[in-house]
Amino acid sequence: GAVVSQHPSWVICKSGTSVKIECRSLDFQATTMFWYRQFPKQSLMLMATSNEGSKATYEQGVEKDKFLINHASLTLSTLTVTSAHPEDSSFYICSASLSASGKKSQYFGPGTRLTVT
Amino acid sequence: GIQVEQSPPDLILQEGANSTLRCNFSDSVNNLQWFHQNPWGQLINLFYIPSGTKQNGRLSATTVATERYSLLYISSSQTTDSGVYFCAVESGANNLFFGTGTRLTVIP
Numbered sequence: 012g013a014v015v016s017q018h019p020s021w022v023i024c025k026s027g028t029s030v031k032i033e034c035r036s037l038d039f040q041a042t043t044m045f046w047y048r049q050f051p052k053q054s055l056m057l058m059a060t061s062n063e064g065s066k067a068t069y070e071q072g073v074e075k076d077k078f079l080i081n082h083a084s085l086t087l088s089t090l091t092v093t094s095a096h097p098e099d100s101s102f103y104i105c106s107a108s109l110s111a112s113g114k115k116s117q118y119f120g121p122g123t124r125l126t127v128t
Numbered sequence: 007g008i009q010v011e012q013s014p015p016d017l018i019l020q021e022g023a024n025s026t027l028r029c030n031f032s033d034s035v036n037n038l039q040w041f042h043q044n045p046w047g048q049l050i051n052l053f054y055i056p057s058g059t060k061q062n063g064r065l066s067a068t069t070v071a072t073e074r075y076s077l078l079y080i081s082s083s084q085t086t087d088s089g090v091y092f093c094a095v096e097s098g099a100n101n102l103f104f105g106t107g108t109r110l111t112v113i114p
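First to last, the protein sequences are chains Z and C.
My numbering numbers the first residue of the first sequence as 12 and each following residue consecutively.
My numbering numbers the first residue of the second sequence as 7 and each following residue consecutively.
Among the hints, erroneous ones may be present.
Claimed, not checked - SDA-like cross-link-like pairs, simulated, lysine to any residue; straight-line CA separation at most 20 Å:
no. : chain 1 : residue 1 : chain 2 : residue 2
1   : Z       : LYS114    : C       : ASN51
2   : Z       : LYS114    : C       : THR68
3   : Z       : LYS52     : C       : VAL112
4   : Z       : LYS25     : Z       : THR128
5   : Z       : LYS115    : C       : GLU96
6   : Z       : LYS114    : C       : ASN37
7   : Z       : LYS75     : Z       : HIS96
8   : Z       : LYS31     : Z       : ASN81
9   : Z       : LYS114    : C       : ASN100
10  : C       : LYS60     : C       : ASN36
11  : Z       : LYS52     : C       : GLY47
12  : Z       : LYS115    : C       : GLY58
13  : Z       : LYS115    : C       : PRO56
14  : Z       : LYS75     : Z       : LEU87
What the hints assert, rightly or not - Just so you have them, the derived chain Z footprint on chain C, three or more residues with Cβ under 8 Å:
no. : region
15  : 34-41
16  : 102-108
Source of the hints: derived by calculation from the structure; they are not laboratory data.
Glycine included, C-beta positions come from ideal geometry on N, C-alpha and C.
Bound conformation, chain Z alone (with noise of 0.2 Å):
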């Protein structure tokens, strides 16, 4: 249980085209996922929250009108990568919060690698 996948899993894209990646929790309801961006041999950086049916939330420095977060579903939430230039090639991933037992932990997507040409 607890199934969270991303599509695509790659994407190459000229310098000033949009992407569009998908994330969805595959067998439960996620009213909050997340999306994070990883750099070549760093950590996770948190990028946005997503909620359900209301906008979401950015983290100081990310920009809101370049990150486009939508949350359409339960199960659907979609970042779309506007404008792309090579600094924004990194490795994109989602996660889907799920509360069980008392208890909240967030399941991840397998990541999307983006690189801009």
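Here the structure of chain Z is known, so what remains is to put chain C in place on it, guided by the hints.
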């Protein structure tokens, strides 16, 4: 925000050896999780352990919340244990702060 430091940053083990990974955090937390990130980038939940001790096969973890640290023990290491181990803590809002990670390489 809360600071999460892990040690050692890198660790190379011979297959069959045991190891202890440490996670120190700077403030009280209401959640602590250990993850293994495999070479393909997938994060795998190992433990949810805000306090106490848990064991799962060759892995066990202990969190001493009052002293703000957690330990992950790996016994009889295997090559498939290679990857990066992260601890992550939650304080207040449902946001996880990830540690700096320990990169483990197990050689046959």
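Given hint GLY47/C paired with LYS52/Z - CA-CA distance at most 20 Å
Distance of about 11 Å is within 20 Å: holds.
Decide if the proposed pair is consistent with the structure: LYS114/Z and THR68/C, CA atoms, cutoff 20 Å inclusive.
holds (17 Å)
Pairwise hint evaluation, ASN100/C against LYS114/Z, where the allowed Cα distance is 20 Å at most
holds (11 Å)
Hinted pair, alpha-carbon criterion (20 Å max): LYS60/C, ASN36/C. Please report holds or violated.
holds (17 Å)
The region 34-41 of chain C covered by chain Z? Criterion: 3 or more residues, Cβ-Cβ distance below 8 Å.
holds (count 3)
Taken at face value, is the distance from the CA of GLU96/C to the CA of LYS115/Z at most 20 Å?
Between LYS115/Z and GLU96/C the Cα gap is close to 10 Å, so the pair holds against 20 Å.
Taken at face value, is the distance from the CA of PRO56/C to the CA of LYS115/Z at most 20 Å?
holds (11 Å)
Holds or violated: LYS75/Z and LEU87/Z, Cα atoms, limit 20 Å.
holds (19 Å)
Would the pair LYS75/Z and HIS96/Z pass a check requiring their Cα atoms to be no farther apart than 20 Å?
holds (15 Å)
Does ASN51/C sit within 20 Å of LYS114/Z, going by the straight-line distance between their CA atoms?
holds (14 Å)
Would you check the hint for LYS52/Z and VAL112/C, treating anything up to 20 Å between C-alpha atoms as holding?
holds (18 Å)
Verify the proposed pairing of LYS31/Z with ASN81/Z, using a straight-line Cα cut of 20 Å.
holds (10 Å)
Every hint, counting from the list given before, is met by this structure.
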